[in-house]
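Please build the complete structure, drawing on both the sequences and the hints.
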Amino acid sequence: MVVWRLVSAIALLSCFLTCCGRVATAVGADAPDKMKSRIPVVLLACGSFNPITNMHLRLFEVARDHLHQTGMYQVTQGIISPVNDDYGKKDLVASHHRVAMAQLALQTSDWIRVDPWESEQPQWMETVTVLRHHHSQLLRSPPPMEGPDPGQAPSAPTAAPQLKLLCGADVLRTFQTPNLWKDAHIQEIVEKFGLVCVSRVGHDPKGYVLDSPILRKYQHNIHLAREPVQNEISATYVRRALSQGQSVKYLLPDPVIAYIRDHGLYTKDSSWQGTGTARGKGKAS
Amino acid sequence: MDKSEKTEVVLLACGSFNPITNMHLRLFELAKDYLNGTGKYRVIKGIISPVGDAYKKKGLIPAHHRIIMAELATKSSNWVEVDTWESLQKEWTETVKVLRHHQEKLEAGSCDHKQNSPVPERPGRKRKWVEQRQDSSQKKSLDPKAKGVPQVKLLCGADFLESFGVPNLWKSEDITRIVADYGLICVTRDGSDAQRFIYESDVLWRHQSNIHLVNEWINNDISSTKIRRALRRGQSIRYLVPDLVQEYIEKHDLYSSESEDRNVGVVLAPLQRNAAQAKS
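As they're listed, the protein sequences go chains A and B.
Straight run, no breaks: the first sequence in my numbering ends on number 285.
Straight run, no breaks: the second sequence in my numbering ends on number 565.
You may find that some hints are simply not true.
[Stated by the list, open to error] Only pairs whose alpha carbons sit at most 20 Å apart, straight line, appear in this in silico DMTMM-like list of lysine to aspartate or glutamate:
1) K382(B) with E458(B)
2) K511(B) with D65(A)
3) K249(A) with E366(B)
4) K291(B) with D318(B)
5) K343(B) with E501(B)
6) K249(A) with D528(B)
7) K249(A) with D466(B)
8) K291(B) with E501(B)
9) K268(A) with D318(B)
10) K249(A) with D506(B)
11) K249(A) with E356(B)
12) K249(A) with D318(B)
13) K90(A) with D65(A)
14) K249(A) with D262(A)
15) K511(B) with E232(A)
16) K291(B) with E392(B)
17) K90(A) with D110(A)
18) K360(B) with E191(A)
19) K511(B) with D487(B)
20) K341(B) with D506(B)
21) K536(B) with E293(B)
22) K536(B) with D110(A)
23) K390(B) with D506(B)
I should point out that these hints are in silico values taken from the structure, not numbers from a laboratory.
Given below as structure tokens:
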């Protein structure tokens, strides 16, 4: 029994040291063997995506660059999870449209996909429930590692993928809003999963983390990524421009704009859709 | 107002486009919506005119790449196109001359009423514009109140406007001709700074009716400089530039520390020319 514990401890230690050694030298994403020793990460973004914009898509790119830069992670997958219609936010168009638009936006992405599971549930659910669901899905069928030679059979077993919540700094701030998030959920998100937060103008994500005892405790699991090129395309602005017949070209992918036009979404008349007030349990627009 | 009484406008954007970004492309969309929204204008065309290599700006890569990227970027646009005239000139050409060139071209085109288009380089694009001209010339024959030749206006961002204040960068007569004879559409996030700049300049103030400030509500800071910096650092530029442009840059490995060192130590063409003329 003692021998087994010793052996496993040594194995863990040597694995850890190997990883550290490799982390020190790993720079870009070019050396496949170095990438294999990194922790695989899947990024999950929850939100209205009403509609999806280039800024949402940028979040993934910035987050991925940031995590790769640390030398510790390799981002293998991105998931967009549009919120359930039951969320009741004003102007929220039907989820099948929001899912379809996200799919069109992601046609040209080789690592980000849409998952309609959250939107297909009978009612709205907390973010942590969505995280739990996708995490269990990942454990059941781990995603393939990115690499220059996908035809190669996987050699050494890789670490279990970590699922991290991707969001903008504005969402991080909502953790402070009283009664918006359950403390237990915030803790579970940062303790069990992890957060990748992309900066936004007018926000101080570092401050938000330090101001909260829970976030401070798990700050090692909160990655603050800086968007080097400000690109504040709010979906609210996009909806308003559309309702006024103004161009939104180059703010969203062309296929999404065509879909919006073909289905008559976000016109002046449709501003009456989306009943009720937001329940506001912490979803970004 | 009757459609035929509107002044037809062609928006001309001059710049390095090194590389072209989604922000450049947004300028056209915002300007068109604004001018069409006044009820006085009808924007019929947008022209991207990349500067020639003789401009000698630091980090400026060869014009043919910048042209191709701009063409890839405007492939999905049915009204904005790329013009190579400026980039093909042997020496650097002042902006006012580029405006003049395009205005004269429009005047020649409208006198001619060319029903058959010449062999186009890019069939899809030019045919559409010729169709538009045919449409508008047909409408003109129906209604004698039509406004005549389209007007070229210079489209730019706030930094361009404020560059008027940089010593020796612009000839003061050129600035006068630009705002007096053509007009400026300036898309800016901070309208108050631009307004103050206009207020503090006698020339701009005198022609303020010909200077349109368009507000850009989105904080959109996608500058070419930042794109090049991100590329040097191995960071993603996806969704900041059109996909075709990003693929082209990647395929040809266009931007690096080496490319950024081009023209280091060389004096910018306008500074050199204006300083020399000031001495003579």
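Evaluated hints:
1. K382(B) with E458(B): holds (12 Å)
2. K511(B) with D65(A): Roughly 15 Å between the alpha carbons, so the hint for K511(B) and D65(A) holds.
3. K249(A) with E366(B): holds (15 Å)
4. K291(B) with D318(B): holds (14 Å)
5. K343(B) with E501(B): Roughly 28 Å between the alpha carbons, so the hint for K343(B) and E501(B) is violated.
6. K249(A) with D528(B): With Cα atoms ~14 Å apart, K249(A) and D528(B) stay inside 20 Å; holds.
7. K249(A) with D466(B): violated (30 Å)
8. K291(B) with E501(B): violated (24 Å)
9. K268(A) with D318(B): Given pair K268(A), D318(B) holds - Cα atoms ~17 Å apart, limit 20 Å.
10. K249(A) with D506(B): Status holds; Cα separation ~16 Å.
11. K249(A) with E356(B): Holds, because 16 Å separates the two Cα atoms, which is no more than 20 Å.
12. K249(A) with D318(B): holds (12 Å)
13. K90(A) with D65(A): violated (34 Å)
14. K249(A) with D262(A): With Cα atoms ~15 Å apart, K249(A) and D262(A) stay inside 20 Å; holds.
15. K511(B) with E232(A): holds (15 Å)
16. K291(B) with E392(B): holds (17 Å)
17. K90(A) with D110(A): Roughly 32 Å between the alpha carbons, so the hint for K90(A) and D110(A) is violated.
18. K360(B) with E191(A): violated (47 Å)
19. K511(B) with D487(B): Roughly 34 Å separates the two Cα atoms, so the pair is violated.
20. K341(B) with D506(B): violated (24 Å)
21. K536(B) with E293(B): Violated. K536(B) to E293(B) sits at ~39 Å, over the 20 Å cutoff.
22. K536(B) with D110(A): Holds, at about 17 Å.
23. K390(B) with D506(B): The hint is violated at about 34 Å.
In terms of the numbered hints stated before, the structure departs from hints 5, 7, 8, 13, 17, 18, 19, 20, 21, 23, listed from lowest to highest.
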